[in-house]
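Working from the sequences, and respecting the hints, build out all of it.
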Amino acid sequence: MELIEAVKLAVEKALKYGASQAEAYTTRSSRMSIMVSNDKVSGVKTRVGSGEGVEGISVRAVFGKSIAYSHTTILDEANIEEAVKTAVKLAKIKEPDPDFKTLPQPRKPSTVEGIYDPTVENPPIDDIFDEARRIIGEGFEKDPNFNTISANFNFTVMEKAIFNSLGVEVNWKESIASTGVSILGEKNGIRSVGWEGEAYRQLNKIDAKRCLDKAIEKAKLGFKVAKIEPGEKTVIFDPDALESLMEYAFIRAINAYNVQEGKSYLTGKIGEKVASEKLTIIDDGTTPNGLRTAPTDAEGVPSQRNLIIENGILRGYIYDSYTAHREGRESTGNAFRQFRTPISIAPRNMIITGEEMKLEELISEIKEGVLIIGVMGAHSTNIATGAFSITANPSYAIIRGELTGQLRGCMVAGTFKEILEKYAAQGDDVKQRGALIAPSVKFEGIRITI
Amino acid sequence: MTQITDLILWIVNKGSELGGDYVEARYQKFHSTSIEIRDGKVVSATPGIEQGVAIRVLFNGAWGFSTTNNIDKRSLENALNIATKMAKQASKDSEKTTLAPSNVVIDEVKIPVKEPLEEVSIEEKIKFLSKADEAARKVSPNIKTTSNYDDRTEIKIICTSDGTQMELRNSWVYWGMWAYAREAGLIQSYRDRYAMLGGFEVTEKMNVEERSMEAAKKAMELLKAKPAPGGKFTVVIDGALSGLMAHEAIGHASEADGVLRGTSILRGKLGERIGSEHVTLIDDATIPERFGTDVYDDEGIKTQRKVIIQKGVLKGYLTNREAAGKMNLPVTGNARAQDYRFPPIVRMTNTFFQPGDMSFEELIEEINYGIYAKGGRGGQVSPAEGIFQFGAQEAYLIVKGEVGERLRDFSMSGFILETLKNVTGVAKDFDIYPSFCGKMGQSMRTTCGGPHMRIENMMVGGRA
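Chains C and G, in that order, give the protein sequences.
For the first sequence, counting from 1, position 379 maps to 379 in this note's numbering; every step adds exactly one.
For the second sequence, counting from 1, position 247 maps to 1247 in this note's numbering; every step adds exactly one.
Source of the hints: derived by calculation from the structure; they are not laboratory data.
Hints may contain errors.
Residues of chain G clear of chain C, computed beta-carbon distances all greater than 10 Å [unchecked claim]:
(1) Ile1049
(2) Leu1099
(3) Gly1198
(4) Met1358
(5) Asn1422
The list that follows gives simulated cross-link-like pairs (lysine to aspartate or glutamate, DMTMM-like), each with its CA atoms no further than 25 Å apart [stated by the list, open to error]:
(6) Lys278/C to Glu261/C
(7) Lys1088/G to Glu121/C
(8) Lys1041/G to Glu330/C
It should be emphasised that the depicted structure is a prediction, and the values quoted were computed from it without experimental measurement.
Where is the CB? At the ideal position from N, CA and C, for every residue including glycine.
What follows is the structure in structure tokens.
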């Protein structure tokens, strides 16, 4: 069944069963991925290619002020009807939610660019396997101490359709191509890993060779163990490490639901200074080529650009329609869902801007500091206070402007509130990881334990 | 189900005709219910139905995998063609792999269920969760809550080109909650969870009201805690944390797929001492009702109890058929897949440290200045580098053998090959917790547990 037909059918049936409003959301995704890995020590070669086609529909039925969901992966009339019946029945028995006003009214979807590349649909699998083998071979030539190298590629195309009984009707296709290279080596008993990955909307933008070069650089740097004294240091988070930490320590704090429930350290802080005046953070659902760009969010609200922090001042939170209506305002277009789960709030493309300089300069002016490229344990962050305690791994010592080697067992503890204040500058190595579009970012006076 | 079994057998035979050295198809259909209550308000109660088929083809040492949720001949054939094409293209430079031999099994397994989940109304499930949520909020007006209930009933059919054919019926219930305590601008949180295999009758054994109340009290107590110090300490950890350590510090590194690929620090260490004599680690998929239990794994191999470490010596790895075949090791039945969207990979089941014979008092009496940490807040490991990390929910300073001041907001980190050697005492108590473990994008139901343990020289990341 065509997706747009499926959502219309679901909404029509929901109204027939007595729903006062109804909405259906459906996705169909196809994904090809390949993973090639060679291990020099044992001679084991791992080769896996996979293809996936998954679809599903989620129904949101409204009865008065009660909302209920149901979902199925079986997109035929009988199963959609069953899912609809379940959702409407549930909405009828659920206690009304006085905060619920209405599903979103129809508005013109935003015009967006660069979210779908048809070549991602049929990637040249044969060539890609060859490229993976070539990349791995080249990696082994660069250093005799490399033991294991793997390369992976993923190609996903997703089609989405949203329809509601108030007239919201939108469907679109989007694509993501990604690649990553990882290297594991051992020299004089010191184990080192190097990893680099990237994701784009377009197939021709991914470059496994670029990933290989960066992974080699990191793996080689890790063959030396550096020492640093514990205490307050200048710390650089690269985009990967920053994204891991911010997902738990910041993004949840600007989620309007957490803010309204008092589960955020940013509750009641609009208009106040919460970060260094050099720092500006924008969330934008319309960024050309952005990995989270789309005409609307997951409930059909047009994508838009929202100011979160402007020169250190907190300007806004991110909302779906439910939390927006609670405050009598408009949604910011941040509703997120997978067909299995109810709507939640998530950032779109979160862009960090501030004082920009070349990455080399950012590092070269540090007397003693740490470059963190991976964090462990970000998920144990106290989301309400932003207090975290993470292991910075991998991380490297910076001594007199030079990266001198890996740090073993370096831990960083603090609150993200402090981190925001300690923002100093950022590099020019911008990339998108998850929702975050950011370069490496430098913070001053961060306490490390080692 | 015979009609579907026939279809699954048909596609496996087709796969063999196309040249697959080994072909495996796994059908899954599940009904799930997911309920979330926040501060007494039912924010969602979502039933769902999913079905799909996973097809795996081995061709000349390379794997092709494909999945679809359309169950008809045309879609299955299409999926098979993708998997076969992928395997063939992948195999250009690989060598023939012989999977470790397995018994051909034809079986049907149904876990014992008294009250089938699909016969219990969603109202009743909401009531079960509401009572627990309310119990927490009764502790104090300063408590806010998020309570979750998840259940699943599942039919799984596995057929392989070796002739194995099985139909497995399973069902489980999961409960979890976060309690948030607020006072004078401070917010602290505490979480608990519990899960069991079985029908709705297991909810009676889960004590969720008591657990919720306890979580709320802990959150309130944490308001009085001070940020923890950072540095190296002698720590005593409770069963929840020793379980996390069993899972993160050593369990993942003992998974043979990583050992085979060169991404585990435990490669080449079989038979070697990697921990102190106090350390004995077990992975056991056969314990009734435990959240990580299965009768067969997703390659159709009977599961078992495995000794990974015995008194500090590495005795075995957790394997699938490929790793066992290539490394000439026993097949342990640890190949598990999250659902039909994923291929089976090597996973833990119920993983725990064996208790010793000390009392808690004996563990702490000689500690001059240390930390007593309790309750898991998630962990992470890099088996390739041998470094792990885990968060604690609550902690106390230990001063001169006595438990003292409360601490908060910290985690611990260590190196696998050092930490296990630093275990200097193990208590006789035991605790075990369910968790969803993530690996290569797949989330798997597991449990992990252990006794109170004393570890020297543990890295603590605090900010005081």
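Structure-based check of all given hints:
no.: 1; hint: Ile1049; verdict: 5 Å, violated
no.: 2; hint: Leu1099; verdict: 14 Å, holds
no.: 3; hint: Gly1198; verdict: 23 Å, holds
no.: 4; hint: Met1358; verdict: 28 Å, holds
no.: 5; hint: Asn1422; verdict: 13 Å, holds
no.: 6; hint: Lys278/C to Glu261/C; verdict: 29 Å, violated
no.: 7; hint: Lys1088/G to Glu121/C; verdict: 20 Å, holds
no.: 8; hint: Lys1041/G to Glu330/C; verdict: 23 Å, holds
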